Amino acid sequence: MFSTEQACWFIRKVICWRAVASIAWAVLLLPPITAVFVILSRFSLLHPIHTTSECLSLLTSTSAIFSFILLGGVVVMVGFLNLEYYTVIPTIACSKIALFGQLLHPRQFVNSLVHCMMGLIVAWCCTVTTGDRYEMLSYVCVQSDGSSQMCLNEYHLVFLLAGAFVGFSHSLLGVIHNMNYVSFHTVQQYKYLRFKGSLPLVVKCSATQALYSIRNFIVVYFFLGHIPRAWISKTLNLHLNSSVHTLDSIAGLLDLSLLYQLWISATFLLFTWYITLLLFRIFVTEVYSFPVQSSFTEDAHLCLPKVLTDKQPMILKFLAMQDLALLSQRSPSRRCEVFSLSQPGGHPHNWNAISQECLSLLTDLTQRLVVYHDTVATNGRAKSLSAGSERKTSSETSVTSGTEDLMSPRPSVLMKTPASVFARSVVGGPQSPLTAPFTPDLDSPFASPALRRLTAPVEQCSPWYGTVQSPHIMRRAPKLWSTSTDSQGNGSPLSAASVHTSKQETSQPSLLAQFLQNRKEQVKNFLAKRVLIMYLFHKLPEASSQALFADSQAHIWALEGLSYLVQASFSEDQFGVVQTTLPSILSCMLVLQEAVDRHFKLPHASSKPVRSTSSMGDSTYKTLRFALRATLKTAIYRITTTFGDHLNAVQVSAEHRKRLQQFLEYKE
Amino acid sequence: MCSLALFPPPMPPGHTTLCESNNELLSGAGAEDRPKQESSPLSLYFPRESLKLHSRTESSSKAAFLDHSETLWMRSAAAWRDGGFTGLLTEITNSHTEVPKWLSVSSGCTLALLRWISSFHGSLFPHLTLSSEDMIAEFSQVLNWSDCVVRAFAWHPHTDKFAVALLDDSIKIYNPKSATTPTLKHRLQKGVAAVQWKPLCASALAVACQNCLLVWHVDPCSLSTRPSSGCAQVLSRPGHSPVTSIAWSPSGSLLVSASPIDTAVIVWDVAAESCVPLQRLGGGGITFLSWSPDGSYILASTPSALFRVWETRMWTCERWPCVKGRCQSGCWSPDGSRLLFTVQGETVIYALTFADSPGISVSSAAGPQVAAVVADLSETTFNTPDGDIIIGGEIQCLAWDPRGERLAVLIQGDPQAAGRPAIIAVFKTRTNPIFELLPCGFVQGEAGSEPRLMQFHPNFQHGALLTVCWSTGKITHVPFYFLSAAAPPFGLSGSPLLPCPQERPSALTNQSLFTEFIS
Chain W
1 MFSTEQACWF IRKVICWRAV ASIAWAVLLL PPITAVFVIL SRFSLLHPIH
51 TTSECLSLLT STSAIFSFIL LGGVVVMVGF LNLEYYTVIP TIACSKIALF
101 GQLLHPRQFV NSLVHCMMGL IVAWCCTVTT GDRYEMLSYV CVQSDGSSQM
151 CLNEYHLVFL LAGAFVGFSH SLLGVIHNMN YVSFHTVQQY KYLRFKGSLP
201 LVVKCSATQA LYSIRNFIVV YFFLGHIPRA WISKTLNLHL NSSVHTLDSI
251 AGLLDLSLLY QLWISATFLL FTWYITLLLF RIFVTEVYSF PVQSSFTEDA
301 HLCLPKVLTD KQPMILKFLA MQDLALLSQR SPSRRCEVFS LSQPGGHPHN
351 WNAISQECLS LLTDLTQRLV VYHDTVATNG RAKSLSAGSE RKTSSETSVT
401 SGTEDLMSPR PSVLMKTPAS VFARSVVGGP QSPLTAPFTP DLDSPFASPA
451 LRRLTAPVEQ CSPWYGTVQS PHIMRRAPKL WSTSTDSQGN GSPLSAASVH
501 TSKQETSQPS LLAQFLQNRK EQVKNFLAKR VLIMYLFHKL PEASSQALFA
551 DSQAHIWALE GLSYLVQASF SEDQFGVVQT TLPSILSCML VLQEAVDRHF
601 KLPHASSKPV RSTSSMGDST YKTLRFALRA TLKTAIYRIT TTFGDHLNAV
651 QVSAEHRKRL QQFLEYKE
Chain R
1 MCSLALFPPP MPPGHTTLCE SNNELLSGAG AEDRPKQESS PLSLYFPRES
51 LKLHSRTESS SKAAFLDHSE TLWMRSAAAW RDGGFTGLLT EITNSHTEVP
101 KWLSVSSGCT LALLRWISSF HGSLFPHLTL SSEDMIAEFS QVLNWSDCVV
151 RAFAWHPHTD KFAVALLDDS IKIYNPKSAT TPTLKHRLQK GVAAVQWKPL
201 CASALAVACQ NCLLVWHVDP CSLSTRPSSG CAQVLSRPGH SPVTSIAWSP
251 SGSLLVSASP IDTAVIVWDV AAESCVPLQR LGGGGITFLS WSPDGSYILA
301 STPSALFRVW ETRMWTCERW PCVKGRCQSG CWSPDGSRLL FTVQGETVIY
351 ALTFADSPGI SVSSAAGPQV AAVVADLSET TFNTPDGDII IGGEIQCLAW
401 DPRGERLAVL IQGDPQAAGR PAIIAVFKTR TNPIFELLPC GFVQGEAGSE
451 PRLMQFHPNF QHGALLTVCW STGKITHVPF YFLSAAAPPF GLSGSPLLPC
501 PQERPSALTN QSLFTEFIS
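Chains as they are written, first to last, in the UniProt record's numbering: chain W, 1 to 668; chain R, 1 to 519.
Mixed in with the good hints, there may be bad ones.
Listed next, the stretches of chain R that the computed footprint assigns to chain W, with coverage defined by at least 3 CB atoms under 8 Å from CB atoms of chain W [stated by the list, open to error]:
#1 221-230
#2 266-279
#3 314-328
Keep in mind the hints are simulated off the structure, nothing from the lab.
Predicted model only: the values in this text are computed from it and were never measured.
All C-beta atoms in this analysis are idealised placements derived from N, C-alpha and C, irrespective of residue type, glycine included.
Take these sequences, add in the hints, and give me the full structure.
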């Protein structure tokens with residue numbers, strides 16, 4: 001992730017320290033949270049004074065201090081996992097199978113395991129602080145024949161298992177709700193105020209989430225509880241006390257005190273973890289002010305124009321874009337530096353670098369939208385066989401890569417060439433030939449190669465890698481070649497080759513291939529009717545739209561930054577450096593506007609997602625496309641309103657001039 | 001300090017103010033001697049009789065149906081659904097014959113306790129006991145809101161179109177350049193307290209309703225006269241109704257909304273439908289919001305004798321306790337450096353100056369320490385041929401024209417007493433070398449009509465244009481023709497906002513693109 005030395009400085013010097021500060025605050029907040037938890041779990045209305053003194057003595061006891069150190073360790077670990085797993089571009093699963101792939105990814109598996117362990121530890125600490133009958137795993141019981149022996153304390157066991165279960169489900173829900181996604185707020189508040197403002201939400205979320213988790217746990221324990229109980233009692237050579245109810249019976253589980261204790265412990269567990277997550281988000285998204293230019297050449301890589309063009313890490317890029325958007329709005333002195341000329345030579349290097357980067361971002365998005373729209377449009381019309389088969393060849397990647405692309409950043413060159421498609425089908429092992437032909441949703445735009453390649457880099461944290469046009473052309477290349485020969489025949493060898501070998505791709509258009517193709521169609525049609533397969537492979541509505549705009553926060557800032565700078569240039573740009581790029585900025589925005597408008601005419605693109613309020617997962621990414629559309633329009637209006645009729649003097653194409661006229665008349 | 005005694009006496013009744021020209025207000029007795037203007041925006045008349053009002057009352061239609069016996073469980077569930085926790089308790093208490101005695105007694109006690117607590121809370125903040133209609137009427141900028149035919153009015157910030165919210169909960173959009181007048185109706189659009197167009201956008205209109213906030217997207221090119229309710233975004237948040245005031249940020253990116261029962265100012269990101277509450281304790285709610293034209297400050301007044309000024313960089317606020325009553329209205333100078341506000345129970349206009357330029361970090365020490373009185377509008381008797389007219393009193397709302405040259409003040413008057421009408425007083429304002437208000441005159445309507453609501457046109461080329469909505473349902477426009485003394489509002493704060501591109505077109509045609517024409 002931190003490949004180059006230059007990108008590394010930011011992670012080392014800023015992000016790490018921010019993470020450390022957030023963890024430190026989380027650890028510092030632990031004692032008051034624990035005290036509240038102890039009071040809530042032990043308090044009884046009948047003996048208020050007695051329980052208060054008991055709580056005080058408990059909090060100062062050695063075991064409490066030991067468990068407190070353990071809890072601190074858990075919080076540090078959670079903070080570390082946050083730092084390791086966070087992302088500013090969410091991973092959006094486009095079908096259920098991709099989601100399962102995410103859940104079963106090895107990296108995710110490690111995460112779940114660690115969370116499970118930590119849940120166990122926290123639950124153990126909870127049993128210690130709750131005391132009473134939950135405290136020890138074994139106790140001395142008297143059997144019916146009078147002999148005394150060590151028996152298994154099932155309450156303790158239930159507590160531990162519940163902790164592990166809650167930790168595990170927390171990590172699973174984290175994947176489903178994209179809890180590792182860090183979003184940036186439009187309203188910049190001080191950290192303390194942001195924390196204070198989000199605290200009620202965190203309390204609410206952890207309480208409800210704990211309730212659901214405990215409910216699920218009880219169901220699981222009711223059916224499967226005898227397995228761990230038997231195993232533990234066998235390994236530790238403990239007996240089961242036959243005189244008390246076992247807890248996986250209805251009578252055993254209808255113990256209100258037990259349920260309350262479980263719920264309050266799960267709330268405590270989730271609350272500490274959520275607080276850590278919240279603090280991490282607040283610290284890491286704090287505005288960072290980059291210098292626009294430096295007087296020392298060795299600091300040039302710390303400056304905004306240089307930082308903006310960096311590909312990695314994404315957080316650096318996002319913070320730089322945010323800083324650009326803010327400086328263009330609020331800080332006349334820094335804008336002045338942007339418009340300034342280099343001292344010897346008199347070139348507007350700062351402005352050129354910044355505007356070029358913003359424009360290339362926007363062009364990139366435009367291309368992505370155009371390609372997506374093209375794929376969807378061709379799918380909507382009559383499908384030629386060649387197009388269909390071409391889609392199939394790539395569907396291996398589309399399905400399997402969903403599982404593996406997520407975390408491990410492979411070199412994206414792999415995804416660029418058509419050969420990589422076949423390479424994957426071989427590398428992918430037994431899984432890919434199985435899944436590939438069985439994708440029933442041929443109409444799904446996500447099975448299409450061109451798009452797949454475009455979204456794959458998005459999920460790979462490098463959406464700005466390379467130019468966008470090249471893969472598009474490369475993808476078209478076999479198609480062009482194929483039209484020269486028989487169009488029906490050349491589709492099949494591609495697909496046949498994809499299933500069998502990677503080498504025979506240009507070989508004979510034979511009857512065998514045709515036969516195989518037909519077989520495959522039959523199998524696919526057969527499977528498409530099966531409910532489970534349909535369920536797994538059916539494309540989730542609007543997920544493709546969300547995936548297209550997953551990184552659009554950067555585009556929004558680019559639009560804001562550009563438009564505010566252009567607006568300010570009307571009165572502040574002394575040397576006219578903005579004037580030279582004004583036509584390209586305008587045409588870039590107008591082209592993007594057209595592409596966005598066309599995209600929103602697609603089905604599902606303009607449907608609003610359901611807002612979930614009681615979840616810690618940030619769902620900002622679901623509405624990014626609407627935010628982008630609004631920002632784009634506002635940005636164009638900002639420029640047209642500032643310049644007014646002067647825009648008629650700007651060189652743009654006739655079509656764009658007509659569009660600009662619409663904006664000047666406020667008819668968009 | 002300026003006072004009403006310096007004003008020219010008002011016209012005799014029957015004379016309506018037509019315009020300001022050559023530094024004096026001209027009036028005419030009827031509509032016929034109105035001077036012809038080439039670009040006069042359309043005047044409208046909404047007779048009260050033409051509006052179809054709701055005969056339905058606010059309560060549910062339960063009474064229309066026959067009563068039939070349900071089980072206690074069903075009734076309790078229904079009560080829980082309809083009335084929440086208190087509804088459930090009331091239901092249990094009322095059906096004391098069916099439930100165990102201890103349950104009905106305990107729920108009755110709980111209910112009494114809840115009522116006592118809420119009445120205690122209500123005695124701290126008396127406005128909480130009002131119904132939501134009354135609350136809007138109390139805190140609205142419109143004079144006598146509940147009886148008003150035109151309940152809200154908004155000019156589009158860039159073009160000549162405007163939106164009018166009427167008594168029958170519909171909103172009409174008038175555009176002189178188009179023949180269609182779209183009518184906006186929505187199930188949730190009730191009790192409209194304010195409307196405002198989004199800046200830097202042609203289509204978005206925010207509407208503050210009784211239960212939620214609506215953002216309409218009205219396509220200016222569409223020929224439809226009844227846009228479907230699918231064009232409206234519903235923004236709601238529990239505990240944030242009725243919404244009495246809204247304000248768009250001048251850059252068009254954010255929308256803030258306020259409710260008298262919610263202590264938080266809600267900052268909406270409308271496109272993403274997400275919100276950030278800015279919670280501060282004290283005050284008991286937020287009644288009125290006003291965003292400064294340069295976007296750096298927001299005035300937020302509360303129902304108590306306290307208002308806050310938020311700065312929008314890091315969203316911190318300054319507290320401004322008032323001596324007497326709550327802050328009723330306020331307006332910002334075009335460069336955002338000066339705030340004029342009025343306090344309920346007082347007849348003066350205060351001014352606050354924010355000396356530090358927006359852009360440098362704001363600390364409360366750098367801000368002003370005390371508000372200065374700039375105008376006294378206490379009752380003044382004018383001797384006219386038709387008898388004495390008493391003018392003056394509490395101020396309902398303030399409006400400052402976008403160039404900062406005219407200030408309109410809507411004075412409440414006394415509806416009971418004869419000869420003390422509600423009236424609009426207009427001041428000339430000057431900011432250089434010192435800030436001062438000079439008398440200009442009174443704006444009057446036809447006999448028997450009183451002003452309810454007023455707004456300046458955001459970019460009138462020949463001076464200022466005041467739009468007044470009258471109690472009779474008329475909307476008229478009063479132009480003030482003058483040559484602007486100050487430079488046009490370009491580059492005042494480093495980020496020019498709402499520049500008027502058509503301003504002085506003849507002077508600009510022979511100038512090249514990037515020359516500065518402002519010193």
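Item to check | Numbers of unmet hints, in rising order | outcome: Structure breaks hint 1 only.
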